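Chemist: Make the full structure from the sequences, and use the hints.
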Amino acid sequence: MQILSELYEPLRFLTIEVQKQLDAVNLFFETGEHKAAEISLKRVDYIDNIHVNLLNRASVYLTDNNDEETQITVQSYEHLNQSLKALSRQLQAIVFQAKHSSSALKLLRKKAVFKAIKDLQIGLELIEPAIESESSTLAIDICRLKVHIDKRCDQQLEKYKARLKKGQQTEALLNASFILRDISEMGEALLRIGEGIISANMGQMIQIDRYHSLEATLTALQLSPQQDALSIRAMGETKSGCTISGVMNAEESEGQMLAVFKEGDKAKLKEEKTGIESWHEIFPGIAPKVYSYHKNGNKAALLFEYLTGDTFETLLVEKDRKTLKAALNTLFNTLQKIWQETQSNEVHPAHYMRQLKKRLNDIYDVHPDFKLQTVRINGVKNQALEQLISAAEHIEETLSCPTAVYIHGDFNLDNIIYDPLENEINFIDLHRSEYLDFVQDLSVLMVSCYRLSNFDSQVRKLIAQMMQAIYQFGSDYAESIDDTSYHLRMALGLSRSFLSSTRFVLDKEHAKSMHFRGRYLIEQVIRLTDEERLTYRIPKEIFHD
Amino acid sequence: MAKKDKYFEHESLQDKDSITSYLKAITQGFKKGAIEFSDEDDDFILTPQKLANLKIKANQTKKGQTLNIKISWSSDQSTDFEESPLFIDPKKPKK
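Residue numbers (my numbering), protein chains in the order written: chain Z, 1 to 545; chain F, 1 to 95.
Just to be clear, a hint being listed does not mean it is correct.
[As the list claims (entries may be wrong)] Derived contacts from chain F toward chain Z, CB cut-off under 8 Å, selection only:
| no. | residue |
| --- | --- |
| 1 | ASP42 |
| 2 | ILE45 |
| 3 | LYS50 |
| 4 | ASN53 |
| 5 | ASN59 |
| 6 | PHE81 |
| 7 | GLU82 |
| 8 | LEU86 |
These are calculated hints, taken from the structure and not from any lab test.
Predicted model, so just to flag it, every value in this text is computed and none were measured.
Here a beta-carbon is modelled for each residue, glycine too, at the ideal position from N, C-alpha and C.
Modeler: The structure is reproduced here in structure tokens:
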């Protein structure tokens, strides 16, 4: 951040004074000596003086230099000034409380508490280098310390709570809890300090809700510099390692999401952007709007429309049967429209078994015990998976496949959003869209239901019903286009997904039941006679646990 | 869920012929979808489903040989769940 020596000088003194105050408090905690407490309290006057001095200098500086950039830098200095003062106030309050309750002080002499204080000390030490550094890395480190401090305080608070329930030493325990809360508050002050430094570096004031999205914040702000204040909320991470955050206007009412911000590997995000754009062209209204795309080295960031509604995963897990049913109906109508409108003249088989072969090593990496040899029991043979796949591949090649339609390509439960108010479906995560067999999307969707690691018996039943519904819908559609090999392709598609998605499932039993289902379907398809193939149906039992 | 967990165990010394007849009884029960277990106090019926997990273990040591066959399946007997399908094609007449 820009060094304004008139302001930086008092700020350094302020930091040093607060450090001294904190060290004295630490000593007081360690020894219980009131002398240390007094030393810490003596610093308060100095701190107040420097604080006021800095405030005055800041206002003078602003009258002399009134360009926008300087304003923000000065604001950052003021921000730091306030935060350090707040930290000092908390320290003072802690000492007052602890002085009057030596038993509380004893309770506070715990590893977690000293570690929290140590974190605060580290944070204060980092301020100078963070200000002097051109990058925001150190400032981000300062912000992250808050998380550590919170964790340590929470740990200790839990212990106090447990003891409070026993009813002994209640007064001391309560006092100690209050002091802990104050320590945790100081973590908040550290966060504000880091925020102030980052703001100065960025040239605009930011407010950080979640430490996770700091990096995202930086990029988001570069993308939309017209925003005065944005707040960022971490929403999660994708399997491909992109981070997703929600961007909202800090001024607006709570929870007003403006956009979704996704950051990660450039190639992945470029694919996603292309995917979204092609949907806008081919079937408008289903993909979110892209606001901006920004690349930097091998990283990229994509800012796009926030879609209201719930993912199908949420609908399933919340067991809201009525909404789920409505959502499925809308989804099926939408799919039918998409398939009708995007029907190409070419046939693009999905090659399920070929897809599966490519994934085998990834599966075995996670589940080495799935790699088995062919076994025989008194002549009854159970073939190795590789052989089953090869046999099924031959059959797959002979299957007729309807002309390709434009598919999502990664049709998981959490990539489909249903808005109940508009009764509308939207797709997200569109980096793998292409023209292909429609069964590809349906089979992926079905297994993404089964794959959920939610073992509530009602949810499991709903999952089975949902899989059955999707299977049925596909079957009806297949009939309408005279697609005679639907059921066999679906069996192979499901088998591919059951087997290959085990690499995301660490729960051994769950992974096993998916693996067995995948194998079973291939075995079934292989065993069928030519005649049986015409009437084959997937046993619905496979959708149940 | 069943009201109460049920349990049955039996162990005895048998000749080849009678072991085959036990296995046969189980096989037939499987085909039928019901295998009955009873003693003087209680009885209950296992209802094998269309799909079940089959685990076969065999081992051979100096002292002896063991064959373990484990067949398991889930059978949730709760009735408090809406069983009607989530999707019925409106354009298609019911068969």
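Chemist: Each of the hints needs a verdict: does it hold here or not?
Modeler: Evaluation of the provided hints:
1. ASP42: violated, 26 Å
2. ILE45: With a minimum Cβ separation of about 19 Å from chain Z (threshold 8 Å), the hint on ILE45/F is violated.
3. LYS50: For LYS50/F, the interface hint holds, since the closest Cβ of chain Z sits about 5 Å away, which is under 8 Å.
4. ASN53: With Cβ-Cβ at 7 Å, under 8 Å, it holds.
5. ASN59: Result: violated, 14 Å to nearest chain Z Cβ.
6. PHE81: holds, 5 Å
7. GLU82: With a closest approach of 6 Å, the GLU82/F hint holds.
8. LEU86: holds, 4 Å
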